[in-house]
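Asks: Each chain is listed here by its residues.
Number of protein chains: 2
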Amino acid sequence: MHYFDNSATTQPLDSVMATVQQVAQTYYGNPSSLHPLGTQSKELLTSARRQISEILRVSPEEVYFTSSGTESNNWVLQGVVDELIIIHPNRRQVIVSAVEHPSIFEQIPVLEAKGLEVLIAPVNGEGVLDLEALKGLLSDQVLLLTHLAVNNEVGSIQPLEAVSQLLKNYPHIVWHVDGVQATTTQLQLLFDERIDCLSLSGHKFHALRGTGLLVLKERVSTRPFLYGGGQERGYRSGTEALPTIAGTARALRVAWEGQDALKERLASYRQRIVDYLSKLQWEIYGGNSTSEHIVCAGLAPVPGEVLVHALAEHQVLVSTTSACSSRRQQFHSTLTSMQVPEHLSASAIRISMGQLTSQEDVDQLLKALSAVTEQLR
Amino acid sequence: MHYFDNSATTQPLDSVMATVQQVAQTYYGNPSSLHPLGTQSKELLTSARRQISEILRVSPEEVYFTSSGTESNNWVLQGVVDELIIIHPNRRQVIVSAVEHPSIFEQIPVLEAKGLEVLIAPVNGEGVLDLEALKGLLSDQVLLLTHLAVNNEVGSIQPLEAVSQLLKNYPHIVWHVDGVQATTTQLQLLFDERIDCLSLSGHKFHALRGTGLLVLKERVSTRPFLYGGGQERGYRSGTEALPTIAGTARALRVAWEGQDALKERLASYRQRIVDYLSKLQWEIYGGNSTSEHIVCAGLAPVPGEVLVHALAEHQVLVSTTSACSSRRQQFHSTLTSMQVPEHLSASAIRISMGQLTSQEDVDQLLKALSAVTEQLR
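From first to last, the protein sequence lines are chains A and L. To convert, note that position 225 of the first sequence is 225 in the working numbering; the numbers rise steadily by one, no gaps. To convert, note that position 21 of the second sequence is 21 in the working numbering; the numbers rise steadily by one, no gaps.
Quick partial rundown of chain L residues pointing at chain A, CB under 8 Å, derived from the structure:
1) Pro12
2) Leu37
3) Pro102
Source of the hints: derived by calculation from the structure; they are not laboratory data. A quick note: this is a predicted structure, and the numbers were derived from the prediction, not measured. All C-beta atoms in this analysis are idealised placements derived from N, C-alpha and C, irrespective of residue type, glycine included.
Build out the structure end to end from the sequences listed, making use of the hints.
Replies: Shown next as structure tokens:
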């Protein structure tokens, strides 16, 4: 099987599984318990948090463990925004980019129900934030700006450095970056000190599903997201999922240490795929500023779903843009925001790679693309 | 090491670890993806949900996967209560028992901030709900009653059948049961059809930390708890943590199939421990209606923390009542509600057993108790 759906979820690394197994069976004490096994578990938790904080260049106190990137995004748009409303009662706007994951978009009605006005920051034809338009939206009225670092459907990389510059004039605006798709090849994008809140998801970088991260800088206020025993400095209660947390710390280390080499490798794979698809006369979305691990392309008028199933017959697994919306048959939000007409976007598939993607996988992908193109065009 | 802190967290079973490992490495597709690996993952998720629903005697559509018992409790007191406020604008009361876990207690200010009145249902000297008092609190004003099935500090088993009878006159009251401590030996308590919402936690029955369950009967309305890709029927978005979910389903099967035998075994262990502690003239809390897996006892004026450390020197790990509050040095809420004076409750420790507790563990516990008593009295 040749797996090209790494933006949906990745296969856990053997080394991560070994960590999960060892921690589950050896450090099964509750970090809140006072006995030695509890203390050892607490130390392991502290160590995982410290390792992650060092890679992300924040302080350990700014790293919170959640259950998913979705939870992290919900925490920010609810827990952080609720505090912002209290701190700045006269500011009533939130800026959301036009190419967000559903875990941001689906919260817009929640924000509006609180009396907030949600402004949508548009993107250009490559899915990249329109900086002039964003500049026009920034004002004293804005509480929070939220956007992803790397788009999950097309792979567009957002100009974080330029956004950071724009925000210099608005120190009161809380800047939330959804970095979930940036961990494969664009981790360094997330090190900008101006970022106030950062969401990450372990299973996008070969850790197990069920652990997310939220970085909340100390300057940001939040109400607790889960109330209870006071874990995570009182803001996210619940017994810590130590095995998968330790696995996530290990996976992030591996991802960071191997990032430069992976970036180079996936860039060459991506170029081969894009060149091949061009030759086959597929439509390719995104442009120069696209992450090395994602190719979004279509063969209109063949529906994306038909392409997914046809490729699967050749043992090649791809997805119809975002997995989170594909079973719900939603419109292709990123492509729509990029002004791609519906008859084209309905054919789009997402080919997404990760650490385990090999040259052989790419060879098989190209063969399958060739066969499927001939069969369905 | 002799582990008697199973009410804080349990060691995962080898069979559960095998399931987690196999699912993580074989079914790494996202259940939302349309390709065959996604479909297989979706089928596995459906099967885990069905197995759990059969054990709990509810329909699969009523089982939701969360990240912890704490999250399940937060969901009910926020997501379900928010809907109840809309449905019944003239009802403004919520009843909470006096012996709840912090994940319920800490939400009382949140309920009050919404204009709700929180009534505390008192318990008797054994930590069991005072049914006459509860009857007096029930009225047309009440939206929701929440209490645990088995107390986490003392082990008191609540009279669910009697509560169910009382609620017959109040069909509009939503009944939430926190069943987290009931899964070791009292699972059958949770099968009452009148229960509307039920919280469970995988790591209390030898699954991995990071997976909880919430049963929400179809008759109960809720707003989404996490917004996003629409997983869990649209109410709890986020990529499903399939490996630990499958492990939790397996652990619940093992727990249910072995429950009768375990109950008998732990009852005999508990009797030995209680008899021995009585002989050593310890104070023992709880009475006849106490779960087989918990013994709460103290040796005043020795502080509980000192007892925990002294027993640890004999390789026996126990806890100072609930792990969730022990590092925060909270007051002993359950014992306080049972009218146990502070000079006694400050000495209380909790000895809690699970599936892996052996006769040999109990032998060592008794030896350690004897030595520690002699040393510290």
